[in-house]
Amino acid sequence: MKCDACKEIIYKEELHKNLSVCPNCGKHFRLSARRRIKQIVDEGTFQEIGKEIVTENPLQFEGYLKKVELLKEKTKIEEAVKCGICEIEGEKVVLGVMDGNFLMGSMGSAVGERITLAVETAIKKQLPFVMFCVSGGARMQEGIVSLMQMAKTSSAIAKLNKAGNLYISVLTDPTTGGVTASFASLGDIILAEPKALIGFAGPRVIEQTIKQKLPKGFQSSEFLLEHGFIDKIVERKDMKTTIAKLIRLNKKS
Amino acid sequence: MKKQTKITAWERVTLARELERPKASDYIDAIFEDFIELHGDRNFGDDKAIIGGIATLNEMAVTVIGEQKGKNVKENMERNFGMPQPEGYRKALRLMKQAEKFKRPIITFIDTPGAYPGMGAEERGQGEAIAKNIMEMSSLKVPIICIIIGEGSSGGALAIGVGDKVVMLENAIYSILSPEGFASILYKDSSKAKEAAETMKITAKDLKKLGIIDKIITEPEKGAQNDFDNITKSIKKYLIQAIRKLKKLSEEELLEQRYQKYRII
Ligand SMILES: [Zn+2]
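The listed protein sequences derive, respectively, from chains A and B. Using this note's numbering, the first residue of the first sequence is number 471, and each one after it goes up by one. Using this note's numbering, the first residue of the second sequence is number -7, and each one after it goes up by one.
Keep in mind that the hints were calculated from the coordinates and are not lab data. All C-beta atoms in this analysis are idealised placements derived from N, C-alpha and C, irrespective of residue type, glycine included. Careful, some of the hints might be misleading.
[What the hints assert, rightly or not] Which residues of chain A face chain B? A few of them, derived with a C-beta cut under 7 Å, are:
1) Ala608
2) Gly613
3) Met618
4) Thr650
5) Thr679
6) Phe699
Next comes chain B alone, as it looks inside the complex (with noise of 0.2 Å):
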């Protein structure tokens, strides 16, 4: 794979954003064996914009979950173009207890333009739900990896992107809220969505020099889908060596370690 060079951030937006680009279930089905999907959040439904459940790595059981986007627009319309419900947090929180439980560590994908702003999802409690799975991830006594491999976009993002290590693709974005959305607000102008992606800092390698992620995963010039064999091979490398670093630690170092990465942004 060469080093990319010249790629505006705007350009990785719109690489991110590419429907061809591969989706959270491309990655599970080519990284992991044996996954069994689990549905529903016990309460109220099962979100189709979050697909979790149980697989292995390397012949360790983990538990796995992923912010799901559509391919086209009819897989699209059925996966909330990857925007969750509460209920879809709600169902990653139960897997991930389930995780502690069996003492399983957890890998996510993050892909989403953000939590869904839906009266549904105001009235069941959208802003609580994305609050309670950032503190409870904060304190999960498993080793939890974070993957950005698209749009890493708001709390929405966030609700499933607490974790011991942050990894993000190298065409992914990971920002406060969408180029366009920040242009709106800021510049007062939606259309200075270019400049905007430009000045916030939302591209793997700013992220990484902010000390924000802790590994770049590099792609090929066009994007993921054209190397998508060897990408899925680098995250299946570093998820095993850096589990296996992560399982060293005793419970305690592992929650302290985790609470100093936040304690310091």
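One chain only, chain A, in its complex shape (with noise of 0.2 Å):
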């Protein structure tokens, strides 16, 4: 295949050995949730949390389900977020993946609730809570419920700073709408990583509005460091060591 962002010709075994970044331009592809929990989680410590919640269709609107049953079985999972129990580099954490596959990684009444699940969980068992976003923004399918969930998961996450537990939310391309106005923007630490598009507005919409183009780099993970927005840029050969360390970090006191 071609590299998007260098144009040179890359090898898809290559590029997966390279953790689905380019080894030519560093370019990070995006990830599903399944290549994400092998890159970060300890082999065979994953124990999913909320499998059981489906996917709800509160406007009957045409066609939706439907929809979701053949990317189900497009890409083999059930809704666009996997969270569960796991180690990282022996640390226990309550880890939530979002899959940009599943309908742009968009939050219906499904993954609000999957995630405030897990949240909840790791108030109970007084771990960290790690949650990697990528996400369109709400589930236009679900009308005002999805909505609804922006408000469920910020307040399970208001709940977990008061347990005092630590929450690292990591950002990924691209991060936008409802989720960057939610639990994406609450995390005690933010990583995201390098060159993502990350903002409430999408770009499309700002150029709308404003009636110009947007400068280049505008809304990049670089562009939120220097705002302000976020902690650290992290590539991804470091993520997992990042976040455990972070993790050991904050137990020290």
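Since each chain sits alone in its own frame, please combine them into the complex, following the hints.
As structure tokens, then:
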């Protein structure tokens, strides 16, 4: 395949061996939840939470559940987030990983419910919570119920804060809309992969509003770092170690 | 007030957006006494799309916040059509934290086409500002009542819309985004906004059925401006009753009840 950033030809196996990062230019390609978990979690330690929570159709939106069924078959996942208890370099955590292949990682009732349940599990078991975000925002097909997931997940994070648990939020390409405007922006520590698109409004909406083109790099991880909204940009190869280190440092007090 | 029957969702969208429809400041002036507006987020600026301050409701001090649209083009330019910037939400949060400190109930009036999607808003963290308000509102230790008076659109509405009771005027709408936006994303055709409005469940009646809101304030057929006195009277009556009940709860009960309100959706 051809890298869409540097136009070099790269081999699939080589790309996967390199954590789906272009060996030539360092572009971080999007990851499925399955691959992400494989990269971050100690082998054999992931125990899923909330797998039984499935998509609902509160608007009775025509064709929605059918589309979800087709996607499930294609992507081999049941919803746009996978949560579980696991170990990262031996540190026990509750982990949430979103998947952009499933309706652009959008948050509907199942995603909101799974994340809330994961946060509540972290509180109950007194574990740190780590969330990998990738999302186009709220899931339109579920209407207002999706909007309410922002309130539900953010309320759970408020409880987590009160309980004193560490929350590390990791923003990956792209993180926008209702996910940016809820749990993604609420981490004690917010990390981001390089050159991810992160924002509330999408670039096209902004361009339509201001009637001009956005400058290059607007709403990138680097832009957010400069404006004070994330703590650190971390390359994929260093992500696991960085998270584990932060968890260990946080225990020392 | 006569019960409305055959108004379509799209007709309500039109009513909710009418220039003549009463705005947040009209309700604040009519319902409360001694309103003193307070300005600024103590950080960047004063966003005129959000107003807020202290007032009394039946002798009780309260904090009042509202998304403020204009009633004409000039005022709308000044108010940015009721589309807040991050500093607007941060002003609202500052005033709500102040309310908590002095144990004042909080009342918010929601009326916005959405948070402003501009470059400055992104540079100053629109997403973070909304997220923080939502999180903080879920754990403020005073009663919060949110009233959707016109358009309640997207995270821009929710950023002052998390509370113990959420109330809607009969012709107000509350939605994840505008019907036009919904139509252009899901039907790939923004001219299908009418159809979208019917599908989206954005009317007070639909939202009450879904359990998203707690109460509907009835309006006359042609909109709130045609019977403003009665509407403000019924809002006032409701606020006094609801706050009295909420004040009987302990802080823990209040917060747990608020948590469960969203937990079950
Ligand atoms: Zn490349």
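* State the violated hints by number, sorted upward, taking the hints as numbered earlier in the document. => none
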